[in-house]
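Novice: Sequence:
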Amino acid sequence: MQLTLKVKPASRVDALFLNDNHLILALKGSPQEGKANRQLVVYLAKLLGLTQKQVVIGSGHQVREKRVCLLVEEAEQNQVLQRLDEVLEII
Numbered sequence: 001m002q003l004t005l006k007v008k009p010a011s012r013v014d015a016l017f018l019n020d021n022h023l024i025l026a027l028k029g030s031p032q033e034g035k036a037n038r039q040l041v042v043y044l045a046k047l048l049g050l051t052q053k054q055v056v057i058g059s060g061h062q063v064r065e066k067r068v069c070l071l072v073e074e075a076e077q078n079q080v081l082q083r084l085d086e087v088l089e090i091i
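Taking the working numbering, the leading residue of the sequence shown gets 1, the next gets one more, and so forth.
Think of the hints as simulated: they come from the structure by calculation, not from any bench.
Since the structure is predicted, the reported quantities are computational estimates derived from the model, not experimental observations.
We put the beta carbon where it would ideally sit given N, CA and C, even for glycine.
Quick list of in silico lysine-lysine cross-link-like pairs, DSS-like style, CA-CA up to 30 Å:
| hint | residue 1 | residue 2 |
| --- | --- | --- |
| 1 | Lys35 | Lys46 |
| 2 | Lys28 | Lys46 |
| 3 | Lys35 | Lys6 |
| 4 | Lys35 | Lys53 |
| 5 | Lys46 | Lys6 |
| 6 | Lys8 | Lys28 |
| 7 | Lys28 | Lys53 |
| 8 | Lys46 | Lys8 |
| 9 | Lys28 | Lys6 |
| 10 | Lys35 | Lys8 |
| 11 | Lys8 | Lys53 |
| 12 | Lys6 | Lys53 |
For each label pair, taking beta carbons as the anchor points, the in silico distance ranges come out as:
| hint | residue 1 | residue 2 | range |
| --- | --- | --- | --- |
| 13 | Leu81 | Asp20 | 13 to 23 Å |
| 14 | Gln79 | Ser30 | 29 to 39 Å |
| 15 | Asn78 | Glu33 | 31 to 41 Å |
Using the sequences and the hints given, assemble the complete structure.
Specialist: Right, here's the structure in full:
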């Protein structure tokens, strides 16, 4: 299962929201030395009820637009989508 999202590092708060049909992830972590990437994995795992090993940045390690792979069984995908829907802030 993959998500494409835009990361906004060095934000005031950690938040996941939907803006013009794009997932935006605001993170407090700075983009230096991969801090924001590490925080992305920790934050998404906690938010979606997954382990950190189940959240993998597939592409976009050096840029703000990232493709994140959620390593979940097919039977779990609906639960993850439902949880994502519950936590999204729509702007």
